[in-house]
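Please arrange chain B on chain A, whose structure you already have, making use of the hints.
There are 2 protein chains.
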Amino acid sequence: MNRTERVCCITQILCNSPNKDFSLNVFAQQFDCAKSSISEDMKLVREAMNALGYGYLETTSGSKGGVRFVPYVSDEKAHQILEDLRQRFLEPDRRMGGGFFYTADLMFDPQIARGVAMVFARRFAAVDADVVVTVETKGIAVAAFVAEFLHLPLAVIRREAKVTEGSTLSINYFSGSSDRIQKMSLSKRAIKKNSRAILIDDFMRGGGSIAGMKEMLAEFESHAVGVGVVVSAGKEHAKILDDVFPLLLLDDSEGEVRININL
Amino acid sequence: MNRTERVCCITQILCNSPNKDFSLNVFAQQFDCAKSSISEDMKLVREAMNALGYGYLETTSGSKGGVRFVPYVSDEKAHQILEDLRQRFLEPDRRMGGGFFYTADLMFDPQIARGVAMVFARRFAAVDADVVVTVETKGIAVAAFVAEFLHLPLAVIRREAKVTEGSTLSINYFSGSSDRIQKMSLSKRAIKKNSRAILIDDFMRGGGSIAGMKEMLAEFESHAVGVGVVVSAGKEHAKILDDVFPLLLLDDSEGEVRININL
Numbered sequence: 009m010n011r012t013e014r015v016c017c018i019t020q021i022l023c024n025s026p027n028k029d030f031s032l033n034v035f036a037q038q039f040d041c042a043k044s045s046i047s048e049d050m051k052l053v054r055e056a057m058n059a060l061g062y063g064y065l066e067t068t069s070g071s072k073g074g075v076r077f078v079p080y081v082s083d084e085k086a087h088q089i090l091e092d093l094r095q096r097f098l099e100p101d102r103r104m105g106g107g108f109f110y111t112a113d114l115m116f117d118p119q120i121a122r123g124v125a126m127v128f129a130r131r132f133a134a135v136d137a138d139v140v141v142t143v144e145t146k147g148i149a150v151a152a153f154v155a156e157f158l159h160l161p162l163a164v165i166r167r168e169a170k171v172t173e174g175s176t177l178s179i180n181y182f183s184g185s186s187d188r189i190q191k192m193s194l195s196k197r198a199i200k201k202n203s204r205a206i207l208i209d210d211f212m213r214g215g216g217s218i219a220g221m222k223e224m225l226a227e228f229e230s231h232a233v234g235v236g237v238v239v240s241a242g243k244e245h246a247k248i249l250d251d252v253f254p255l256l257l258l259d260d261s262e263g264e265v266r267i268n269i270n271l
Numbered sequence: 009m010n011r012t013e014r015v016c017c018i019t020q021i022l023c024n025s026p027n028k029d030f031s032l033n034v035f036a037q038q039f040d041c042a043k044s045s046i047s048e049d050m051k052l053v054r055e056a057m058n059a060l061g062y063g064y065l066e067t068t069s070g071s072k073g074g075v076r077f078v079p080y081v082s083d084e085k086a087h088q089i090l091e092d093l094r095q096r097f098l099e100p101d102r103r104m105g106g107g108f109f110y111t112a113d114l115m116f117d118p119q120i121a122r123g124v125a126m127v128f129a130r131r132f133a134a135v136d137a138d139v140v141v142t143v144e145t146k147g148i149a150v151a152a153f154v155a156e157f158l159h160l161p162l163a164v165i166r167r168e169a170k171v172t173e174g175s176t177l178s179i180n181y182f183s184g185s186s187d188r189i190q191k192m193s194l195s196k197r198a199i200k201k202n203s204r205a206i207l208i209d210d211f212m213r214g215g216g217s218i219a220g221m222k223e224m225l226a227e228f229e230s231h232a233v234g235v236g237v238v239v240s241a242g243k244e245h246a247k248i249l250d251d252v253f254p255l256l257l258l259d260d261s262e263g264e265v266r267i268n269i270n271l
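Those protein sequence lines, which keep their order, are chains A and B.
Residue numbering for the first sequence follows my numbering, starting at 9 and increasing by one per position.
Residue numbering for the second sequence follows my numbering, starting at 9 and increasing by one per position.
Here chain A stands alone, though its shape is the one from the complex (with noise of 0.2 Å):
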């Protein structure tokens, strides 16, 4: 293989496993070269990446001495993401009873909901978790794009507790766009003690969903180092919880539907 073609496959290797440190010594040996030449490579790998934009090598430390792809986008790309799904968020007929939104068909998306991944990936690249954990139902895509881009097991609280998830713990929280108690529930052998959680939800209205997560966390043991919402709706959204990071900020307080990216 010559370099370009060795290139373009460790672009594809590297890209295939975002966060996932790689050592040299392995490429050597897949591509049967020196050591030395994929060193070589990895230069024009990365300056290609700096370039392109979409993500960048990471050198990893260590005796074995590798390199790790993390997904990146500039804020300009982030906003062009976020203009996109508000312009989607704004199509009629969208706006249902009692401040709810059809959002099924934009949370499900492949393209919207890694291209919201990547938003998030990026605000918490740096945070060191160590699992991703939304609760079902809609915002389970997005959560697991962002695990696979930050390399994270991702965990999923249920609303009731099922046969198949063994042992539970179960919480009560107070819902405020529903108005009343709800429940989450999740496996005992769902989240490690001590673990570094990033939470992500599709929607936000009150935080009474995120409130219940952050407590369920507390039953392991552990605790949110990010918090990412899709949607935050209501007028007064940094009151409520000034440690979430929304990507789009939804007033429909006076009849009227606006919104904001927060980026």
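Rather than coming from a laboratory, the hints here were simulated on the basis of the structure.
Any given hint could turn out to be false.
Put simply, identical chains are the same to the list, so a pair is met inside one copy or across any two.
[Said to hold, decoys possible] Derived BS3-like pairs (lysine-lysine); straight-line CA-CA distance at most 25 Å:
1) K85 with K28
2) K196 with K170
3) K191 with K170
4) K51 with K28
5) K201 with K28
For chain B alone, kept in the frame of chain A given last:
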């Protein structure tokens, strides 16, 4: 940018959006060079991709003349993915009462979900589907990756009609594994009439859930063109639904758990 850098960038762009059509003109514009240069680049990308085996380039027809990246896994790699999953499945303590298994950690692990999705994407690459459909909750991550790989939208059937789903269609079906009537519900907006759907589910025993999903599709005047389940349990897999593609066949009928790979 020189050829090697362009090849690296093109690889990244293509792999970032599987099964999405890209016109050569767009690349020529983006990299500010002649279309003939991009054609040469593409030859190199094609060869390198073929050598690596993570996917291949398909030339798209039409006046614009373009390419798309089609993810692919070799038989050997697919077998390895399933063997890894099989080993994880056989870990002690997964088995619970009533023929249930704890699999949430596996189904939501992005590496596993992505690997499994790759095998499904390979299988369903040519069925010409319009949408991927799953029923909440544990198959959602796999289904999201399948949808990403095939560049399709994803629709998630809920257990209960939710207020955020707007008008919904609901069906009842008999679940053999829980021995009772269960319900599925999907927003009327989720699937267009005459859609060709790929159904994905994490676990099948008896096939009631898949039958329910098919009934749901019929309500949308749509039908399944492929059905993938990660694990099929029971002794008589083949008899129940002969159009299902299960990846692992689990037989726990005589106290012991035996799992075979089905490729």
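Exercise. Please name the hints from earlier in the document that this structure breaks, with their numbers sorted from lowest to highest.
Key: Checked against the structure, no hint fails, so every one of them is satisfied.
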